[in-house]
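A.B. asks: Respectively, the protein sequence lines represent chains G and C.
To convert, take the position in the first sequence, counting from 1, and add 1; that gives this note's numbering.
To convert, take the position in the second sequence, counting from 1, and add 1; that gives this note's numbering.
To be clear, the hints were calculated from the coordinates, so they are not data collected in a lab.
Incorrect hints may appear among the rest.
[As the list claims (entries may be wrong)] Taking lysine to aspartate or glutamate and the DMTMM-like style, the derived pairs with C-alpha atoms no more than 25 Å apart in a straight line are:
hint, chain 1, residue 1, chain 2, residue 2
1, G, K3, G, E32
2, C, K209, G, D12
3, C, K167, C, D184
4, C, K167, G, E52
5, C, K168, C, D184
6, C, K167, C, D88
7, C, K210, G, E32
8, C, K101, C, D47
9, G, K195, G, E142
10, C, K210, G, E15
11, C, K101, C, D88
12, C, K167, C, D81
13, C, K167, C, E185
14, C, K210, G, E39
15, C, K168, G, E39
16, C, K210, G, E36
17, G, K195, G, E185
18, C, K210, G, E142
19, C, K209, G, E52
20, G, K195, G, D158
21, C, K168, G, E142
22, C, K209, G, E32
23, C, K210, C, E153
24, C, K168, G, E52
25, C, K167, G, D12
26, C, K168, G, D139
[Stated by the list, open to error] To spell it out: a stretch of chain C is covered by chain G in this simulated footprint if at least three of its residues, at any positions, have a beta carbon under 8 Å from a beta carbon of chain G; those stretches are:
hint, stretch
27, 57-69
28, 78-92
29, 95-106
Ideal placement from N, C-alpha and C gives every residue a C-beta, glycine not left out.
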Amino acid sequence: MKHLTRAEFVDLIESSPGLSTERAQHLAHCERCRECAETLRSVRSMATVDEMPEPSPLFWDHFSARVAAQLRSEPAPARAPRWSPVPFATWALAGVVIMLLISTVVWRTTLHAPSPPVPAQMSAPVDLAEMEPVDDLDNDEAWAVVRAATADLAWEDAHEAGISAHPGEVESAALQLNAAERVELERLLDEDMKRNGA
Amino acid sequence: MSTDRTLDRPWPGFRPRHWRVTVTRDRTDSARRDARQLADDRTLVDACLGGSREAFDIIVERHQRQVYQLCYRFAGNHEDASDLAQDVFIRAYRGLHSFKRRSAFSTWLYRIAVNVCLNRVGARSQKWTPLDAADHPDLREERADARILRGERAAAVRAAIARLPKKQRAALILRVYHDLPHDEIAAIVGSSVGAVKANFFHALANLKKLLSTK
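Modelling step: build the complete structure from the supplied sequences, incorporating the hints.
C.D. replies: See below:
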């Protein structure tokens with residue numbers, strides 16, 4: 002069985018709560034624990050012998066007067082700062098205001114953030130001279146045919162003749178194409194987009 | 002209502018030459034002081050925080066003996082113990098607003114005293130005053146050799162206690178000389194009851210070693 006713990010030794014020599022039956026049985030059979038307890042008990046009683054000399058009765062009056070004199074130069078102790086009792090409605094209102102502020106900040110910084118300013122490089126005027134032509138229209142044979150055919154055509158005449166396009170006419174024309182024509186149109190558009198780097 | 006009031010302020014407009022007017026304080030002041038003497042520590046603390054310095058004077062009068070005795074156990078001489086005790090009360094006065102009322106006021110004051118003593122005494126060597134027979138009237142009837150032996154033993158115990166580690170010394174002094182229960186000692190030194198008992202155990206064991214090597 003385990004020897005007594007330090008706390009059990011202290012309880013034993015001060016005979017405060019006493020030991021449990023099991024521990025008391027151990028003590029009865031363990032000479033080492035008994036010796037230890039006896040030593041602690043004797044040291045404790047030895048320490049108690051040392052009585053403190055009592056100062057003169059006049060000392061106490063002198064002491065309290067000395068402390069009082071010292072405290073007169075001290076500022077009066079202040080109470081610890083406390084929260085003033087604020088009504089619940091005030092706290093609720095403050096909470097609502099804080100929530101509104103937070104939601105406004107979140108709204109402004111995330112979903113509905115204003116578009117970032119255009120960098121100076123992008124806003125600078127484009128130098129057209131440095132850009133390569135997308136297509137050489139002057140040397141295009143098909144475009145030359147169209148150009149020749151329409152050289153003498155006035156805009157008003159073409160409009161009256163129904164050559165010019167009106168809104169929605171491209172869509173309706175595309176819908177009238179058959180399947181083969183649509184495939185071909187798609188191929189041409191893809192080719193044109195690839196050529197233009199789209 | 003009190004009918005035996007004396008003049009508590011001068012009468013500048015009406016004072017015949019042959020009159021000698023003395024200005025005294027209302028006698029209710031002394032009654033108030035008597036009431037405060039009976040008040041508990043927390044009431045006095047409240048009064049003190051409300052601006053009454055007199056309330057703290059009563060606190061000092063009430064606890065000065067215990068605080069001085071604790072300081073003496075750490076310092077070992079009257080002069081240092083007196084200075085330490087004064088320091089304890091001044092620190093308590095300054096920090097009165099931090100007394101949270103979770104423990105007794107005396108426990109809070111003991112905590113300040115132990116901290117002051119451990120900080121100040123640990124940093125310097127102790128000057129133990131020899132035991133004077135006049136301090137112990139009951140010793141006068143003892144035989145001279147017995148008295149000397151007793152004095153020597155007490156001095157050896159004090160010297161041994163002074164060599165104990167801080168926490169063990171505090172546990173021993175508060176338990177043996179102030180007869181405080183272990184749970185209150187734990188509240189004072191800021192540890193668990195188990196730790197206090199362990200410190201007390203080691204204090205006694207070390208004291209035995211130190212005394213046997215003498």
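A.B. asks: Let me make sure I understand: some of the numbered hints might not hold for this structure. Which ones are they, in numerical order?
C.D. replies: 18, 20, 21 and 26
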